[in-house]
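Enquirer: Sequence:
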Amino acid sequence: MPRYNPSEIEPRWQAYWDENKTFATPENPGANKRYVLDMFPYPSGDGLHVGHPEGYTATDIVSRFARMRGEGVLHPMGFDAFGLPAEEHAIRTGEHPRIQTQRNIDNFTRQLKMLGFSYDWDRVLATTDEDYFRWTQFIFLVLFDTWFDHDQQKGRPISELPIPDAIKAEGELAIASFVDSHRLAYLDDALVNWCPNLGTVLANEEVVDGKSEVGGHPVKRIPLRQWMLRITDYAERLLEGLDELEWPVGIKKLQSDWIGRSTGAEVDFYVGESDQYDAWKSERAASGFPAAPGASALRVYTTRPDTLYGATYMVVSPEHPMLDQLTSDAQSAAVREYCEKASFKSDRERTEGDREKTGVFTGAHAINPVNGKPIPVWVADYVLAGYGTGAIMAVPAHDGRDFQFAVTYDLPVIAVVDPPADLENRDEILAGKACFEAVGNAINSGPFDGQETNDVKAAITSSLSEQGIGKGAVNYKLRDWLFSRQRFWGEPFPVLHELDSDGNPTGRMRGVDPSELPVRLPELEDFKPHGRPEPPLAKADDDWLYVTIDGVKYRRETNTMPQWAGSCWYYLRYIDPKNETALVDPELESKWMPVDLYVGGAEHAVLHLLYSRFWHKVLFDRGHVSTPEPFGKLVNQGMILGEVEYSAYYDEDDNVVSAKDVRKSAEGGRQSKDGRAVTSRPVPEDAVQKKGESFVLVADPKVRVESRAHKMSKSRGNVVNPDVVVKEYGADALRLYEMFMGPLEATKPWSMDGVGGVRSFLDRVWRMVVDDNEDDLVMQPALTDQACDEEQARMLHATIKKVTQDTDEMSFNTAIARMMEFTNFFTRSESRPTEAMKTFLILLSPYAPHLCEELWSILGEKESIAKQSWPAWDEAALVQKSIEVPVQFNGKVKTKIQIAPDAKPDQMMEIALADERVQSFLGDKTIVKKIAVPGRLVNFVVK
RNA sequence: GCCGAAGUGGCGGAAUUGGCAGACGCGUUGGAUUCAAAAUCCAAUUCUGGCAACAGAGUGAGGGUUCGAGUCCCUCCUUCGGUACCA
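Residue 2 is where the first sequence starts when you use our numbering, and the numbers rise one by one after that.
Read the hints as simulated data drawn from the structure, not as lab findings. Some hints could be false.
Calculated pairs, DSS-like style, for lysine-lysine (alpha carbon to alpha carbon, straight line, at most 25 Å) [unchecked claim]:
#1 LYS930 x LYS897
#2 LYS634 x LYS749
#3 LYS540 x LYS554
#4 LYS863 x LYS114
#5 LYS944 x LYS893
#6 LYS712 x LYS728
#7 LYS221 x LYS478
#8 LYS895 x LYS905
Each pair of labels, with its calculated beta carbon distance range [to be verified]:
#9 ASP777 x ALA818: 28 to 36 Å
#10 GLY71 x VAL250: 29 to 37 Å
#11 VAL250 x ASP276: 55 to 63 Å
#12 ASP586 x SER466: 48 to 56 Å
#13 ASP586 x GLY71: 21 to 29 Å
We put the beta carbon where it would ideally sit given N, CA and C, even for glycine.
Please construct the entire structure, taking both the sequences and the accompanying hints into account.
Expert: Dropping the structure here:
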């Protein structure tokens, strides 16, 4: 009678683990430490999604497995709790975001505990805790107090920044501004993505197709004084650091593309009075290439210095500082109009359509330094202000964008790279009628003619260098990180702006003394943004807003930090979550770091993971952490899709349209091949059958239907709620199913029937030990104290081996399959040695911990199964007397023979040739070749 | 457009890394048990032909290397994910 009843068993064991602190982190991890980390969730109002427990179960299995193998494990959980949804809720309801956030955290905690994860709950943290963001603010002060020494490639205290004499001579204010402009955290008038609907600016990464990632509102670019973090200084270190990481290659590539290192040269083009050109040249030859080009030169960055002879015009971005100077009176009106239009264009509009190139001639000419020829200078928005020098030399023959622009405005195209002779459109390229971007041999390039592209690059760069008009240069796509938000629900900046006696800012600022941290959020009447790009914290009382120190009045910084801030360093705080004197105790830090396994979604590939690495490197340079990288091994769990759905297309008249005849329309919708709009509607599974490669309607097999699993979404109504799954099948079944679906990294569709399948496996495990025909709790009569027979021992040890290896490799689905085979085998077995059952329970316990604890205790054990040691397998038990191997003829299996597992090829051949069936297949054919692979097969090549 | 990942039964997925394709699970079919059902247990289940033994085909398509290819190489197709003027 006693059936397997997870809803009774599971809460009981969860309470036991809690009370006994079964999964407390060891004080001293010892030689084998393992730090296993999940990407902590944003506690949304919707609660957990079945995607969350996928990664969490994986890390839980790894953690439990590691503990049983005697490793010291740190496995914590927390909440990334600042963020827009809580604030939007606050704006709507007037309820403080802290209240809503706490409610959501409580719900997430309940759900996580319900799944039996072995977190050390004493270390739980939320980024919104004042004890936590105190240290987020502290780290900001570290960034504020650090400058990057490019010679040493290292962040150093700002007090060690060398101040040039020229600056010193200008006085204290100049020194302060020089210092401020070298801090890793600095204020800048940045062109920001201002989103009026959200009332905030957004990071580039939060803008998708010119719309806000959250809510899809339009985004405008406006200049605003903003906190920036100088992540670009660390570009090289962030790139190099990737090499040593055990991360998926795809993620590494994404990060390295995001950093976007390129090499080339900076070149100055003379734009002064033409009669002064020679003087300028000789001055440059004497002085060398200066740090700034000065007023008479326009500096460009190019990755193809070899194509300098083909530069037929130049382009500056609309925001270029020299644009005014370059613009002639005649062109001034046109240029001004063009720039105005460009500044109002959002990113969306700039990139919309076929990206037709537009631009206006400035009226100025520059002199091409390699041949002294004057070329026109244009302004165009296809050149970006933020990359390189904000100006380019245009080589239309060898750059697609320049070519397109040159065609539009009828500018000359001169080929300077000869493509390979067999290239189809070589003649067109040489005639300037087509564009060629690859490498070849130089032509029309004076002394460099005939040389190969890479040699020309080096030769031209060094020649320019000698003349003081060019220099090899490196550039990165990576931009400095826009670090402030005009929001309430975020960490306040620990920065004070000095005011003069009239209450106006002097431009000087200071960090809040670390002993004064945290800077708490002020109490506000309401949380509404006022629609101006000015933060809600400016609405705070004067008590909060103004501070007087040593008789000087200051106004607090009113921006808040973005959500990324708190998640940049949480992995450090788990190590020492209650420390009141440091963000983490250095001794503990060096014991636990780095994180050994980090599991989370691939959507954080470039944002969170790059930002964290940046902060970590700064903390490393400043002596707060001992490792150069935070996360050793990274695994991305795949997305879980909704259940597979069948859907058919219908036109406006409700006629069904075969999926074969449906195309994507230009607007992204669907249409039939003759252009009528169609909509898709679900079709029940039993109305569909497989035909050839696709599915068709049973009623009308000519009509193809779509069969596809979609992303879970509220609007589609295919979201699976873990609460419901746990209620119906139990937490162990949910955990097991999430792992059994397929490889952790793969995208895979949910199937409720599949959950039922693993649940019935757990039922079988229960019945393998417990007799459920009896009213009272009675063991299976088949249980015995006898030892395993040979076959049982082989099954047991093969299972230990497979489960151990697969768990170690995080190949959870195959480990589970093996445990199912074990259960099937012993369920059929009339006599089941109790010892084998116990060993099996240990193997299963990381996967289905509640059930295993229960059966373990039913079998009379007093101590938690989590405290047992992982079993070892006996290789000798795996040996078989005789194994079956196939005999192939010309690579096709024809029959099988029995051999000893260690039979030598000669012996195998002998046995094969002695076999009757082999002889009959052989007949009178001749054996051309004999192959025998020990332990595998025999193959005869015959004629 | 570019970059990345993946295409294996009705479905999710295995395959010791070049050696018996389809482990395990779902679904389906048949049987046992039952007054009946659920649950459970047993068996079958890649496709085609055949009563059967068996024969043939088969890992997105086409070609190649090899005694032997899901696995390696070339060309192409499809799906999913990322990305967007970075000089």
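Enquirer: Indicate, hint by hint, whether the structure satisfies it.
Expert: Verification of the supplied hints:
A C-alpha spacing of about 19 Å is found between LYS930 and LYS897, which places the hinted pair at or below 25 Å, so the restraint holds. Annotation: proposed proximity of LYS634 to LYS749 holds, straight-line Cα distance about 23 Å (limit 25 Å). Only pairs whose Cα atoms come within 25 Å are accepted, and LYS540 paired with LYS554 is accepted, the gap being roughly 18 Å. Restraint check for LYS863 and LYS114: satisfied, since their Cα atoms lie roughly 23 Å apart, inside the 25 Å limit.
Distance hint between LYS944 and LYS893 is fulfilled; the C-alpha atoms sit about 14 Å from each other, no more than 25 Å. Annotation: proposed proximity of LYS712 to LYS728 holds, straight-line Cα distance about 23 Å (limit 25 Å). In summary, the hint linking LYS221 to LYS478 is supported, as the alpha carbons are separated by about 22 Å, within the 25 Å threshold. A threshold of 25 Å between alpha carbons decides the hint, and for LYS895 with LYS905 the separation of about 21 Å falls inside it, so the pair holds.
Against the hinted window of 28 to 36 Å, the Cβ-Cβ separation of ASP777 and ALA818 comes to about 34 Å, which satisfies the hint. Between GLY71 and VAL250, the C-beta spacing of about 32 Å keeps the proposed range 29 to 37 Å intact. At roughly 57 Å, the beta-carbon separation of VAL250 and ASP276 lies within the given 55 to 63 Å, and the hint holds. Between ASP586 and SER466 the beta carbons are some 51 Å apart, a value that agrees with the proposed interval 48 to 56 Å.
For the pair ASP586 and GLY71, the supplied restraint of 21 to 29 Å holds, since their beta-carbon distance comes to about 25 Å.
The earlier numbered hints are all upheld by this structure, with none contradicted.
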